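*Asks:* Note that the protein sequences, when read in sequence, are chains X and Z.
Under this note's numbering, the first residue of the first sequence carries the number 10, and numbering increases by one thereafter.
Under this note's numbering, the first residue of the second sequence carries the number 10, and numbering increases by one thereafter.
Calculated directly from the structure, the hints in this document are not laboratory data.
In this text the structure is predicted, and so the values were computed from the model without any measurement.
There may be inaccurate statements among the hints.
Since the list can't tell identical chains apart, any single copy or any two copies may satisfy a pair.
Within a straight-line C-alpha distance of at most 27 angstroms, the following computed DSS-like cross-link-like pairs (lysine-lysine) qualify [what the hints assert, rightly or not]:
#, residue 1, residue 2
1, 135, 57
2, 61, 106
3, 147, 57
4, 106, 315
5, 449, 427
6, 192, 234
7, 195, 303
8, 268, 234
9, 21, 135
In case you want the letters, here they are:
2 protein chains.
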Amino acid sequence: MYFSKSFIPILKNNPTEAKIKSHQLMLRVGMIKQSSAGIYSWLPLGFKVMKKIERIVREEQDRVGVQEILMPTIQSSEIWKESGRYEDYGEEMLRIKDRQDREMLYGPTNEELVTEIFRSSIKSYKSLPQLLYHIQWKFRDELRPRFGIMRCREFYMKDAYSFDLTDDDAFFSYNKFFLSYLKTFKRLNLSAIPMAADTGPIGGNLSHEFIILADTGESKIYTDKRIFEVDSSSTMIEKSSLNDLRNQYEKFYSVTDEKFNKEEFEKSVPSEFRLSTKGIEVGHIFYFGDKYSKPMNATVDFNGKKEFVKMGSYGIGVSRLVGAIIEAKYNYNDEIMKWPISVSPFDCAIIPMISKNDSSNLDKSNKIFEYLKTKNIDAIIDDTDENISAKIKKFNLIGIPYQIIIGNKTEGSLLEFKEVDGETQKLNIDEIASQISKAKSN
Amino acid sequence: MYFSKSFIPILKNNPTEAKIKSHQLMLRVGMIKQSSAGIYSWLPLGFKVMKKIERIVREEQDRVGVQEILMPTIQSSEIWKESGRYEDYGEEMLRIKDRQDREMLYGPTNEELVTEIFRSSIKSYKSLPQLLYHIQWKFRDELRPRFGIMRCREFYMKDAYSFDLTDDDAFFSYNKFFLSYLKTFKRLNLSAIPMAADTGPIGGNLSHEFIILADTGESKIYTDKRIFEVDSSSTMIEKSSLNDLRNQYEKFYSVTDEKFNKEEFEKSVPSEFRLSTKGIEVGHIFYFGDKYSKPMNATVDFNGKKEFVKMGSYGIGVSRLVGAIIEAKYNYNDEIMKWPISVSPFDCAIIPMISKNDSSNLDKSNKIFEYLKTKNIDAIIDDTDENISAKIKKFNLIGIPYQIIIGNKTEGSLLEFKEVDGETQKLNIDEIASQISKAKSN
């Protein structure tokens with residue numbers, strides 16, 4: 010792929026309307042383009058990152074046995090009246106009248122709709138548990154959308170729902186998501202910590218937010234630093250193993266603002282381990298029992314009796330994660346972005362110095378490109394006639410983790426290779442390919 | 010995957026509200042569920058088919074060099090006023106006022122938005138051609154939604170857009186899509202024929218519909234049967250090769266209703282080759298020059314002059330194809346559906362006869378499942394206690410192309426294996442796996 014032919018509209022300067030780094034950078038390197046207040050188009054660079062995040066989220070849902078469905082964006086108001094949330098939701102809900110004057114809305118979340126699907130499909134407790142998820146666009150009509158795709162109106166989200174017979178079974182489902190979220194964020198190279206949280210308009214009495222640390226975060230958090238040491242790598246999808254994991258986390262004080270209690274914090278966390286900082290919410294899980302199943306009459310037959318199913322819901326902000334990763338990974342000192350290789354738009358940038366009437370560096374780049382392709386490494390060649398330092402500066406912002414620079418210093422079979430934030434090495438193409446492949450397989 | 014644990018809500022009978030086979034079958038076997046008039050949720054079986062279709066559509070777009078982006082569902086009315094279509098579009102456009110009382114709409118198509126993205130990003134003719142696509146939900150507020158997902162309100166569509174400097178370049182882009190559409194439908198095992206068509210509200214003067222034959226189709230078509238013989242397999246993505254292909258097709262009379270001229274039809278098609286029948290539109294491509302670039306002022310710099318770019322647009326109805334494939338492939342005589350293996354929700358159904366207190370057939374099924382998994386064959390086991398003939402009838406409707414039946418007749422290592430519409434063979438598991446793998450790789 011040639012840079013000159015790709016649709017990557019780079020801006021010369023940071024856009025003044027953007028206040029935080031992710032918003033600035035995504036506009037600057039042409040990942041997104043605003044189409045109206047709080048509504049964005051995803052251009053190829055941003056789209057590729059978001060799709061890779063989506064794929065990881067999907068794989069980790071599938072791994073714990075959640076089945077994928079897809080609910081529509083436009084819902085009828087009827088089911089929201091059944092649950093009692095139609096009035097409660099306020100102006101953040103985008104309300105619509107169709108041509109027949111029916112009251113519709115753009116779904117901000119899907120508890121009602123999935124409960125309606127469940128109750129008309131599942132009759133017996135023998136079909137439980139049912140774990141369903143979908144990845145779909147949502148709309149929340151924020152009064153003041155800001156921070157680019159971090160607090161926008163139309164956003165892409167994975168939301169999952171669990172249906173169980175008993176509280177005990179439901180906690181098992183809850184814990185499966187707890188584990189799958191840890192694994193998801195780890196694959197995105199993020200340290201996300203689960204924190205006891207308020208349930209807000211979703212309801213219920215058990216909830217965790219998954220938060221990554223970032224100074225630009227909107228959530229204030231209070232935690233015991235030792236929570237970062239908890240290891241879930243040997244946890245199995247099995248009741249007691251999952252309980253152990255939850256217990257390991259819950260040994261440590263770790264809450265968001267709304268749950269904060271100064272006295273308790275200081276009592277339970279030795280001062281050297283206290284951390285109060287800001288973070289970004291990237292996931293949120295809820296257990297709310299029969300909050301929706303009761304008003305909406307979602308029951309299963311159990312020994313001749315109708316039992317209301319026990320439900321939970323589980324969200325990950327897929328589009329928001331693109332911004333969250335930038336907030337977590339951007340290096341302000343050196344003005345360098347470095348995507349985790351698992352979600353980078355390309356694996357490697359090939360940056361040749363190109364002078365008029367001399368295509369030898371471009372030819373060399375093409376050969377390297379073709380070779381990397383055979384190794385399943387996705388590269389982009391900067392074939393523009395910008396000078397080399399402008400090119401490198403541009404790619405430092407784009408954030409592809411590996412660069413091959415083909416300049417005057419290139420001699421013989423050794424190439425200038427570097428990680429975007431590292432030192433230049435002289436390596437041959439085989440060594441480069443194996444270094445990148447190794448990083449990709451981790 | 011066990012049938013009893015999957016979310017596949019089967020209905021006992023055909024739903025009376027459904028008039029055509031695809032609608033009946035999709036409700037009957039739990040592929041979709043209506044959530045409101047003309048709006049559906051996709052349950053796991055339907056979702057898997059749609060995702061596989063989406064993947065093929067995507068791969069064939071990528072192959073001709075189209076770049077993927079993603080535009081939002083909610084658009085501002087401003088750009089539609091610029092193009093002049095805001096009033097024209099009528100009541101099919103779902104119009105929305107947000108909380109700030111701004112006029113928004115749910116995009117029924119994206120010519121305006123993509124033109125806006127283009128004009129603010131690309132300045133020079135050197136960056137042309139630009140071919141962009143996205144796969145996104147659209148909404149058309151049909152007065153009478155019907156036929157399930159075939160004529161619904163919220164639907165999933167691939168729409169692509171081309172931007173070129175000259176008409177000649179633009180025809181080249183048009184022809185790339187022409188070829189990629191033929192290849193896409195071929196991979197879906199559909200004979201789709203390109204037909205000269207009216208341009209309707211999109212505009213322009215060159216357009217082809219891609220139509221598959223089906224008695225339940227809404228389009229009346231008139232064609233020369235010899236058009237089915239045209240072969241695109243050796244066509245290259247290169248101007249003259251693509252022109253040849255177009256010429257080969259255009260030798261044969263082939264039009265939809267609006268373009269039909271009886272005299273011309275009878276003059277140019279010998280009576281033995283005349284075919285007038287019904288079909289389903291599965292794709293539609295348009296060339297419309299500067300219809301949008303002019304009013305919206307989308308230009309590139311060419312030798313110091315501003316030139317309006319020449320545009321085309323190219324749609325495939327991804328969700329509609331799920332229904333279209335059923336209309337094309339359902340066998341009414343035997344009441345059997347057979348999905349092309351490329352889009353089937355599973356590759357193989359394992360159907361054991363299960364009697365109380367005897368788990369031997371289920372054990373056997375589990376082993377077969379695990380073995381097939383090692384061969385990358387995705388199977389589902391019907392672990393329910395229904396009788397075997399009910400199970401087979403159910404799977405004949407679900408339409409997974411291969412069945413392994415484990416009943417009393419199973420002896421030694423030979424298994425009863427059949428294509429859903431074929432004769433039973435006795436084969437060992439290796440032979441079965443290689444037969445399925447061979448079909449998948451075609």
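*Asks:* My question is about residue 192 and residue 234: at a cut-off of 27 angstroms on alpha-carbon distance, are they close within one copy, between copies, both, or neither?
*Replies:* Only inside one copy: residue 192 and residue 234 sit 20 angstroms apart there, 56 angstroms across copies, limit 27 angstroms.
*Asks:* First find the shortest C-alpha distance between residue 61 and residue 106 inside one copy, then the shortest across copies, and answer within, between, both or neither for a cut-off of 27 angstroms.
*Replies:* neither (36 angstroms within a copy, 33 angstroms between copies)
*Asks:* Please sort residue 21 with residue 135 into within, between, both or neither, judging by C-alpha distance up to 27 angstroms.
*Replies:* Classified as between; 19 angstroms across copies, 61 angstroms inside a copy.
*Asks:* Could you place residue 268 and residue 234 in one of the four classes (within, between, both, neither) given a Cα distance threshold of 27 angstroms?
*Replies:* within (18 angstroms within a copy, 73 angstroms between copies)
*Asks:* At most 27 angstroms between C-alpha atoms: does residue 195 with residue 303 qualify within a copy, between copies, both, or neither?
*Replies:* Answer is neither: 36 angstroms inside a copy and 49 angstroms across each miss the 27 angstroms cutoff.
*Asks:* If the cutoff is 27 angstroms on CA atoms, where do residue 135 and residue 57 land: within, between, both or neither? Let me know, please.
*Replies:* between (41 angstroms within a copy, 24 angstroms between copies)
*Asks:* At most 27 angstroms between alpha carbons: which applies to residue 449 and residue 427, within, between, both or neither?
*Replies:* For residue 449 and residue 427, only the intra-copy Cα distance (16 angstroms) is at most 27 angstroms; the inter-copy one is 41 angstroms.
*Asks:* Given a CA cutoff of 27 angstroms, do residue 106 and residue 315 count as a within-copy pair, a between-copy pair, both, or neither?
*Replies:* Neither: 36 angstroms inside a copy, 42 angstroms across copies.
*Asks:* If the cutoff is 27 angstroms on CA atoms, where do residue 147 and residue 57 land: within, between, both or neither? Let me know, please.
*Replies:* Cα proximity of residue 147 and residue 57: in one copy and across copies (20 angstroms, 21 angstroms).
Hint violations for this structure: numbers 2, 4, 7, all remaining hints satisfied.
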